[in-house]
Amino acid sequence: MPRIALTRPSRHRRLFGGLLAVLATAAVTTTATLAPASAAPLSPASAAADVNVAKNAGYEAGLGNWTCSAGSGSTVGSPVHGGVAALKATPTASDNATCSQVVAVKPSATYRLSAYVQGSYVYLGASGTGTTDVSTWTPSATGWQQLATTFTTGPATTSVTVYTHGWYGQPAYLADDFSVFGPDGGGGTDPGPGVPAPPGGLTAGAVTSSSVALSWNPVAGATGYTVYRDDTKDRTVSGTAATVTGLSPATAYRFQVTAGNAAGESARSAEVSATTAPSGGGTDPVVPQHAVTGYWQNFNNGATVQKISDVPGQYDIIAVAFADATTTPGAVTFNLDSAGLGGYTVDQFKADIRAKQAAGKSVVLSVGGEKGTVSVNDSASAANFANSVYALMQQYGFNGVDIDLENGLNPTYMTQALRSLSQKAGGKLVLTMAPQTIDMQSTSGGYFQTALNVKDILTVVNMQYYNSGSMLGCDGKVYSQGSVDFLTALACIQLEGGLDPSQVGLGLPASTRGAGSGYVAPSVVNAALDCLAKGTGCGSFKPAKTYPGIRGAMTWSTNWDAANGNGWSNAVGPHVHGLP
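Per this note's numbering: the sequence shown = residues 481 to 1060.
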């Protein structure tokens, strides 16, 4: 997996930071002077008449009513503050990604301007007020942060331009739930919401002896969702996933979901059933039949910095990247990059792992990566590997280990190490692998041999279908990366070479920035899964048989997925969980 760290900031960057600090001081000072203490609160009578004069304020209708400079804006389905959409705007070196709307206002009236934003150096403001234009900003909002200010219109002002923008050369920013509350200037406001439609795509995922994880598709206009268990309301959530807890072991349950907003609650979704695991299984999750794996970066390389708690619920296995080699041959350790992750503490990290496991997810420690060199080439190093990984499982609560060694491995001693680890950890060990394409071209290769040697304890092999040249498929033809055929014809080698379909996953980057080459749209991943599982959606290559039990898909990484609006997991996750 790629493991590129940020370089030390240049002197130019330090000067740029100083300039922003000066601008920050000016902006704060200006904003403070533009919110006069004499602006008394509106009376109850006038407040009742106020409306939000901004149209398409939640971006639910795409960029309708909005104009973004230099084509910088688009809408995304995740993350959102409310509803099913938010604005994403990307600055360049010469454009600050201004997205604006002209709103109708009354002369000599006061309006409260606000929006929820995420990102670095995000601005909110109003111009053409007829009095003094206003703006406010945040230097950094890693989660949704509300920006707010007020402005008063001039005696002849009937329209004002309101806007958000980022800063030159900075990453994309997000905005949602924009509001300009004040007297109706004649343009009216968006109509109130109607009752939303019932949710679709309800899927039961991971189960434990006391919980069932559920997910479903977002519904336009919904502000929350209600989960029903056996026809009884269980809980209300704001997102499109929930884990129902407090269940009895080895018991079948029925689930439905409704969508709601201020107008009311939808009809119930189609029903799904799930049976909890038997008792005696502890709190370890059970990897679902069809699973999504995502690598979580314990470093900052320009992707979105996340806590484990930030990883979306579509991911069933979270691979923490990466373990670190020690001076003891074969042994590994783990060092949380608290500074690089914004002060994320070890205690928070452990608590977040436990919370994910309570939600039915597995969290494993990945060994290797692009720059990870761990050598297990004799019995002593095999023992050191098993002992150190098991100690880290006990220390942090990891469910198992991911083998992502990109510099070769010895199948004899890696097998020995993994068997020893399995004996220590027991039958609930989650064991995953992420070989490169070259490693799985033949069963005689070291990686393929290792996978077959530990087949009885192996969870899934998520081969990396990226950063690869052309490769042979199982039909002997050469296929180039970036197509459905490349995914299906190479997966066929593993499926026909001895791995169970439940042990085969498709590993792809979450965005073009996640790998040097090999990115494909989520629709291509889904088509390849359909081809292998159902025989539909194939390209020129079509397997001789179908593999309905294929495990699912993997991505590098949850951080790059988040930087791309979680577009990969939002598209691939429900598809994987809906496989037969």
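If you are wondering where the hints come from, they were derived from the structure by calculation, not from laboratory data. Some clues are possibly wrong.
Said to hold, decoys possible - In silico DSSO-like links for lysine-lysine, alpha-carbon gap of 27 angstroms or less:
1. K713 x K830
2. K535 x K586
3. K1025 x K935
Stated by the list, open to error - Computed Cβ-Cβ distance ranges for the label pairs, DEER-style:
4. K713 x A677: 49 to 59 angstroms
5. N545 x G907: 17 to 27 angstroms
6. L952 x P1028: 24 to 34 angstroms
7. G822 x K904: 30 to 40 angstroms
8. S818 x A732: 38 to 48 angstroms
9. S728 x G926: 40 to 50 angstroms
10. T923 x S960: 22 to 32 angstroms
11. D710 x T547: 27 to 37 angstroms
12. A747 x T547: 21 to 31 angstroms
13. A677 x N545: 42 to 52 angstroms
14. G623 x S960: 51 to 61 angstroms
All of these numbers come straight from a predicted model, not from anything done at the bench. Beta carbons: idealized from backbone N, C-alpha and C, even for Gly.
Status of the hints after comparison with the structure:
1. K713 x K830: Violated, because 31 angstroms separates the two Cα atoms, which is more than 27 angstroms.
2. K535 x K586: Roughly 16 angstroms separates the two Cα atoms, so the pair holds.
3. K1025 x K935: Status holds; Cα separation ~22 angstroms.
4. K713 x A677: 49 to 59 angstroms: Violated, since K713 and A677 (Cβ atoms, about 19 angstroms apart) do not stay within the stated range.
5. N545 x G907: 17 to 27 angstroms: Between N545 and G907, where Cβ atoms are some 57 angstroms apart, the hint is violated.
6. L952 x P1028: 24 to 34 angstroms: holds, 25 angstroms
7. G822 x K904: 30 to 40 angstroms: With Cβ atoms ~34 angstroms apart, the hint holds.
8. S818 x A732: 38 to 48 angstroms: holds, 44 angstroms
9. S728 x G926: 40 to 50 angstroms: Taking Cβ atoms as reference, S728 and G926 lie about 46 angstroms apart, which means the hint holds.
10. T923 x S960: 22 to 32 angstroms: holds, 23 angstroms
11. D710 x T547: 27 to 37 angstroms: violated, 50 angstroms
12. A747 x T547: 21 to 31 angstroms: violated, 38 angstroms
13. A677 x N545: 42 to 52 angstroms: violated, 23 angstroms
14. G623 x S960: 51 to 61 angstroms: violated, 40 angstroms
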